[in-house]
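Chains as they are written, first to last, in our numbering: chain Y, 3 to 374; chain B, 461 to 937; chain W, 601 to 863.
No lab work stands behind these hints, which were simulated from the structure alone.
Far from chain W, by Cβ distances over 12 Å, these chain B residues were calculated: (1) Val521; (2) Arg531; (3) Ala539; (4) Gly618; (5) Thr682; (6) Glu683; (7) Glu691; (8) Ala737; (9) Ala744; (10) Gly786; (11) Pro914.
Each pair of labels, with its calculated beta carbon distance range: (12) Val835(W) - Asn560(B): 42 to 48 Å; (13) Val783(W) - Glu674(B): 55 to 61 Å; (14) Val783(W) - Glu846(B): 43 to 49 Å; (15) Ser648(W) - Ala224(Y): 37 to 43 Å; (16) Asp808(B) - Gln58(Y): 53 to 59 Å; (17) Arg615(B) - Ala220(Y): 49 to 55 Å; (18) Pro501(B) - Arg836(W): 29 to 35 Å; (19) Arg174(Y) - Glu678(W): 34 to 40 Å; (20) Asp5(Y) - Val835(W): 57 to 63 Å; (21) Gln780(W) - Glu846(B): 41 to 47 Å; (22) Glu680(B) - Asp83(Y): 58 to 64 Å; (23) Gln901(B) - Val783(W): 18 to 24 Å; (24) Thr805(B) - Lys335(Y): 45 to 51 Å.
If the Cβ cut is set under 10 Å, some of the chain B residues that face chain Y in the computed set are: (25) Leu591; (26) Pro594; (27) Ser621; (28) Gly623; (29) Pro624; (30) Gln645; (31) Val647; (32) Glu657; (33) Leu661; (34) Arg664; (35) Arg668; (36) Pro830; (37) Met832; (38) Gly856; (39) Lys861; (40) Thr863.
What you are looking at is a predicted structure, and each value in this text was computed from that prediction instead of being measured. The C-beta atom is built at its ideal place from N, Cα and C for all residues, glycine as well.
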Amino acid sequence: MDDLFTQATLYANDYVRQWRDGGGRTVGYNCVFAPLELFEAAGLLPYRLRALSNAQTDLADAHLSRFNCGFCRSCLQLGLDGAYAFLDGLVEINGCDHLRGAFENWQYVKPTPFFHYLKVPHIVIDDALEYFADQLVQLKAALEAHFAVTIADDALRAATARQARVRELLRRAYALREREQPGLTGAQTMALVLLSSTMPSETFIALLEKELAARENAALPAPRARLLIGGAATDEVELLRELESLGALFVTDSLCYGTRAFWPLTEHADGDPLRVLAKLYLSNTLCPRMFEDYPARRAFILAAAERARIDGAVFVHNKFCDVHGIENVLLRKHLEEQGIPVLLLEKEYGAHADRGRLKTRLQAFLERIGRP
Amino acid sequence: MTNPAHQGLFERVANIFSLVDHIGDTLSDAEVEGLLRVLPPESANSISALMAPHLREASLVFLRTLSTWMREARAMKAAGGKIIMVPFNFPPELVTAFDNAAPLTVEVLSTLGVVALEGQGERYWDLAMGLGLPDHACSSNTIELGSMLSGEDFRADGLISAGPGGCDANAKIHEFVSQYMDIPQFVLDKPVDRSPEAVALYRRYYRRMVRQLEEFIGEELTEEKLRRVNERANRCTELYYELWEMHKVRPCPIPNLFSLFVYATRFSMWGTDTGVACMEKLVAAARARIQAGAYPAPREKARCLWAYTSIYYDFLGLFNWMEDRGITHLADALDLFMPQPVDTTDRDTMLDGMADRAWDMPMTRQMGGPSMSAAWIEDVLWAVRELDAEAVIYCGHHACKQTWSVVSILRQELMKQAGIPLLILQTDAWNKSMTPIGVVQRQIAEFVDQVVAPQRGGETTRRRRRRPADSSPASST
Amino acid sequence: MMSAGIDVGSLTAEAVVLRNGDLLAHATMSVLPNPVDSAREVLGRALSQAHAAPADIRYAISTGYGREKIVEAGLAQENVSEISCHGYGAHCLAPSVRTVIDIGGQDAKVIRLTPEGELQDFVMNDKCAAGTGHFLELMCRALDVTLDELGPLALQSRQPAEMSNRCSIYVETEVIHYLQRGVPKVDVAGGINRSMAERVLALVRRVKWESEVMLTGGVAKNPAVKAELEKMLGVRMRPVKIDPQIIGAYGAARLAQRKGGAA
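Next up, chain Y with everything else stripped away, as it sits in the complex (with noise of 0.2 Å):
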């Protein structure tokens, strides 16, 4: 698990450097609605962007402002600074207005070798999925254009079986944390999710199955509270790892670098693969960026909330983060009437200087809510 740890908290880690020097190719992105399969297909890496808490983004000022979150000014930074050159190409998904200015920003600035927009309808219904399903088919034509590559449906058969047996893993790994005597904490389980986006599926299985049963029988110490924590991008493990330090314990999330990248898509369908792959993604995913379904959005989350027996939800945004910053309000609304405490924090992405003011409201939360 430390050596998992360490290489989840590197940009081009082992994995990543093992695929480069087989000439293997990489493909960046940053949205949970990436359809990996696809990538996969093409015989492609797909790479989940990430800032791993990096709090310096000089670079990134000069282009993207102080008004814009510091999560995508980080991944902005990171791009320019050279931190993303394993990357032979880029695929835009319309996430939030924040991504979308980062990544204008990344092409005008420093263009990637292969880059595609890949445009996400806000709502599901029948022309909506038609039109994302026509997105998938622009996105495999670009693809094979690019890295002159036939993506076979055979090949994307194969490549869908294969994520469903990640999504399954990541699953039973959930079911560890969530389990009354927790046998990862939320900062081990969120390392093995940036881990997930960031090598072949069929290493992460392996590497996965082999962790799985390895800590099968492990015991954390009881918790003095068991936490939800959900809200936006927060791929800050660092971060998680301190706030448990207090003694509580993430026992699910409902985060987009957590749940919100796997648990929902497990729908099996036949037919055509890029049709299946459009309903999988457009229907299933979770986020706040999409409209009419937060009803959905709430349901996962008080699911996730009873699966895990928690004492309390602690949801953070970003600073400047709307899409997460008012979706919160809703949610301590909904849960606080649900009777489960709830603890909203702003952060500024990555930055150290505030880790204390978040431990001490985290602190008072659990002072809270604690038994003493």
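Model the placement of chains B and W on the given structure of chain Y, informed by the hints.
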């Protein structure tokens, strides 16, 4: 009796505006003086800007237009009809077309609160913040919605959201209000690109919304009803371009505030007789000023286009202050809704046309484009060239994170493609407490004097000499 | 039985020593660079006032931003957040208090309590000078008065000057501008205190506050801010029987006493 300060924003604003109905077509200076003495400072500031002699008559018509808009909404509610809240980036004439519904535009109401109320909109902003909403939400919608959320205001029957893809803050706050208050929401999503398939899809999305509204309001939107609003909207469109053309004259004879009058009309009474009358008045006033060769300052120092919104918490301190110094406010991006006539042949042509108009609403058109920066740059450059602007000002409203995220690209491209400098301010355009107007004025003055004027050099003299002999040089009225 | 509470914040450190729950001694000082040194020093001062030795303390609780390090150094058995300590301190002083408004030098917090004195909700501003004691310090500099003089001066104002900005830097500019225009100092002071109270009010609104309300922290000593807040909230503040600056340390000591008694 309820303390008026504890009423909702809409009630207070509508009451104040109803006073305009008792005023004639003009006011004497003495009457304006009298009015200013009884008003609280914030309203007096706005009224004194609007009652400047050179725009007084047009302002009165404009104020009556808004008063009518609010009166009709109140009457609709009283008669048991439905009030549908719309965002500024959605053409309200769709709602107006119903016999049993009236539109109220969130951002227009927030702005009117800021313009007319004692304490501006801060009370309602604070109420929204009291619910825990983040302080980076957008005051343009949070002020009015804060009033509604507090329970002090009327309760809308439905909410239209056309923000997805154009502005997260806008789209999410609408969803928040809908979920928090259990008010039905009608979402108009927009495909990102403008391919024929995407346009067709958008038209289907639009029709879906029309069907939802018909069902909710319990009324069929007949061809006749659609034609009624579209014929008037088309007339407004013609008048819009007449005014647009007149903005090209140097020095620009059109008062700075007309830019705001135009889009406020677009966002409220477009497609009604009242809206047509307002636009006609603006055109007539502009034409008279052209004929008189009028310009409010001794000389036009800089022709400016505002890249996104303007600043609304101090009319006198912004629009009139610029005017007095020869700084022309030609338009801002909210004027860039690029109206086109709607084909009124039948229901289908009209619905298609209305959907296309919705696509072109400000923000949707620019920020909802395949590239925010590219679509924005294209429109701003087009307007710069059309109106012969020499400088562009970005107001830097803190909540406009989408424009903030690409404004550096706009700045570079404006300079590269047209040699036009961009001033970037930082404000809350609806709240004076973030950046004092004095700071804004200083930055604009420095920009004009240090950056724009030297670039302009002798060119102005040359152009001004070419003016027709019959138009007198600048007049100060 | 003796217990102690140590509150080391970013500007000042306080220690409170109790004997059987009664306030025996307390000390306040400016912080030293290291929070552990501050804790040792301020506790030492309080102990010497109480004619007691460290070994006499059965249980000590630390709070404030240096709270963890103080436990690590062995000066306290446990650390508790300043939010809980302030809430519990206020509750011990007046059990009917439901809302505590604490305005310190660098932060402001509003705490809502259950009838039993448990935390129900809280909000905190520790990022922006507006609405904290630091704001008043900045304005005193511009007005050329001391912090102690500011409140009484403001109370004389009949027509407080309107401060239209929230940002401390811009308010400072407004203050200078008013003084240059010849606006009386009392009215400028009145405007400053009202502006301060408005910022605090914005924070108070974020918790569903209830009466009774207690104002604590250094700024509670400013009668004008207190009066403005009372007017805005329409309540009378519950008087604080001890130095309002030591409520955090006092709450920590009372919690320590409870724990020590149970231990």
